[in-house]
Amino acid sequence: MVSVELPCDPNETNSSSCTSLSQPQPQFYSVNIEFGYVCDDTKYIKLSISYQMIGIIVGSILFGQLSDSFGRKWVSMLIKSLDLLMYNSRRAVALFFTGGETAIFLVFLVENLPKKDRMWINMVISWSPNIAVFACLAYFCENWRTLAIAIGVITLLAIPLSLFIHESPRWLIQKGKTDEAHEVIKKLVTFNNGPKISDDVVSDVISKENAAAAISAGKTNFYVYHLFCTAQLTIYTLIFSFSYISTSIVNYGIFFNMAKLPGSVYANNIFIGLTRWIANSSVGFIDYKLKCFGRKPLHIISGGIIVIAVIIALSIIQLEKSEEYANVMRISVLTISIMTSHLYIGNNISSNELFPTPIRNAAFSFLQVVNRTGVAIAPQLFLLGAYWIAAPYLAMLLLVGTDLALYQIFIPESKGRPLKDSMPPVEERFFSKKFKTTSDENKYPKDEKKCAMESCV
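Residue 154 in our numbering sits at position 154 of the sequence shown; the count goes up by one each step and never skips.
None of these hints come from the bench; they were simulated from the model. Bear in mind the structure is a predicted one, so any value in this text is a computation, not a measurement. Be careful, since some hints might not be right.
[To be verified] Below are the DSSO-like pairs computed for lysine-lysine, each with C-alpha atoms no more than 27 Å apart in a straight line:
(1) LYS289 / LYS415
(2) LYS177 / LYS420
(3) LYS177 / LYS196
(4) LYS289 / LYS420
(5) LYS415 / LYS291
(6) LYS420 / LYS296
(7) LYS415 / LYS296
(8) LYS291 / LYS420
(9) LYS321 / LYS260
(10) LYS186 / LYS196
(11) LYS177 / LYS187
Could you put together the complete structure from these sequences and hints?
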C-alpha cells in the first residue's frame, strides 16, 4: 500500500500524539485530510459542516415559499447546482439549493402520485438506497474533488429529465390556472392507464377541487403562527419538532463520524443503505397488511431498538472494550442509524395526517426547518467525547428516550383517520380576538367538501 504522511489516528484527541506518522493510505481523501485538519483540528471541520447546513435551513424556507407562489416544477429545476471551488462557501450555496429541493420534493411527489401508490413508492424509492450508491461512487472516486464532480454531473442529468414532468395539478387549480390543470389531469390519467374520461368530467373535478379549497380556507390566509393557535396544535408542533431534531442529531451525528467505526467506511455505508431499504420495504408491507400496526407502534419499536443499541455502545466504550468487541460496537452503531429511518418516515406520515389541510404545508415546511437545524447541530455531537468518552452516546440515549416518552404520551394514533379539512373553530384559537376570521363553511353543500381529484389522479 502507498504510504502517506498522516498526523494521527482521527479518533485521537490528545494533541501530543499528533506527530507525523507513516500510515497506510486512507480509505478516502476527504477535505480534512487534504487541508491538514486532523486530531484536535478536526473540530474546525465539524464547525464547517454546521455552517454549511445553515444553507439548507435558509433554502428550505425560501424555496418552500417560492414553490407555493411559482409552482413546484420550475422552482425545482432551478435548484440543480455544482460545487468545486471555495469549498465552504460554495458548499453552503449548494446546500441552500438542496434545502429548497427537499422542501419541495415530498409535496410535489405526493401531489403527482396516485393515492394508492404513494406509500409503497415512498418506502421503496427513498433516500436509503442512495446511501449505498453514494458509497460505491465514493469508492471509485477516491477523493472528495472527484466525488464532487461526479455528483455534479449526475445532478445535471436530472435537469433534462425534469422537463418531462408536469406541474402539480393541485397548485394549478389553487392559482386559477384551470386550462393548464385540465390538460395536466388528462395527461396524468392517460399515463397512469386510467379510464378514458370526458372533458366535462375533468371540468367537474376542477370545480369541486376549487369548492373544497374555498371551504377549507374561507377568507382566511394561514401562516406559521397558526401552528400554535390552539393547545392541541401547539403540542403537535412542539413534540414533532423535538422528534425531528433529536432524530437528526443522532442520525447525522453518526454519519458525520462514520470514519471512527471499525471496518471499511464504504462497507458500513452500503450496509446502512441496503439494510434501510429492506427494512423500509418490510415496514411498508406490514403497514399495508396489519391494521393494528400504526404510527405509534412503529415509533416505539424503532426508538426502543435505538435505545438498546445506544446502551450497548455506551457500555462497551465506558468499559474500554472497544477493541475486544469491535464487531458488536460496529453493529450497534449501524443499527442506530438504520432505525432512525423509520422515525423519519413515521414522523412524516403522522404529522401530515394530524395537521389540518389549511396549515399542512406550513407545518411541513416548519418541521423541515427544525429537522435541518438538527442536521446543523449533529457534527458537534461527538465533540462531547473530549469531556467524557461516552458522552455522545449518553446524549443520544437522553434524546431518543425523551422523544419516545413525549411521542407516546401526547401524539395520538393517526392511521386510518380521515384527514382534517378545516381549522379548529375561531373561539378555540388563542389568537381569535386579535385575528378573528370569517368562514364560508356553510356556503357549499357538504358533498362538495370532498375533492374529486383522487378519482382522476
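Compare the distance between the alpha carbons of LYS186 and LYS196 with 27 Å, and conclude whether the hinted pair is satisfied. Judged against 27 Å, a Cα distance of about 9 Å means the pair holds.
Are the Cα positions of LYS420 and LYS296 separated by 27 Å at most? Roughly 19 Å separates the two Cα atoms, so the pair holds.
Restraint status (C-alpha distance of LYS321 to LYS260 at most 27 Å): Satisfied, since the Cα-Cα distance of roughly 15 Å is no more than 27 Å.
CA of LYS289 to CA of LYS415, is that 27 Å or under? Cα-Cα ~13 Å, so holds.
Regarding the pair LYS415 and LYS296, is the alpha-carbon distance no greater than 27 Å? 9 Å, holds
Proposed proximity, LYS420 with LYS291 (alpha carbon, max 27 Å): 20 Å, holds
Measure nothing beyond the straight line between the CA atoms of LYS289 and LYS420; if it is 27 Å or shorter, mark the hint as holding. 24 Å, holds
Holds or violated: LYS415 and LYS291, Cα atoms, limit 27 Å. It holds: about 8 Å lies between the C-alpha atoms, which stays within 27 Å.
Given pair status - LYS420, LYS177, alpha carbons within 27 Å: 26 Å, holds
Proposed proximity, LYS196 with LYS177 (alpha carbon, max 27 Å): Given that 27 Å is the threshold and the Cα spacing comes to 23 Å, the pair holds.
CA of LYS177 to CA of LYS187, is that 27 Å or under? At roughly 16 Å apart (the allowed maximum being 27 Å), LYS187 and LYS177 satisfy the hint.
Hint violations for this structure: none, all hints satisfied.
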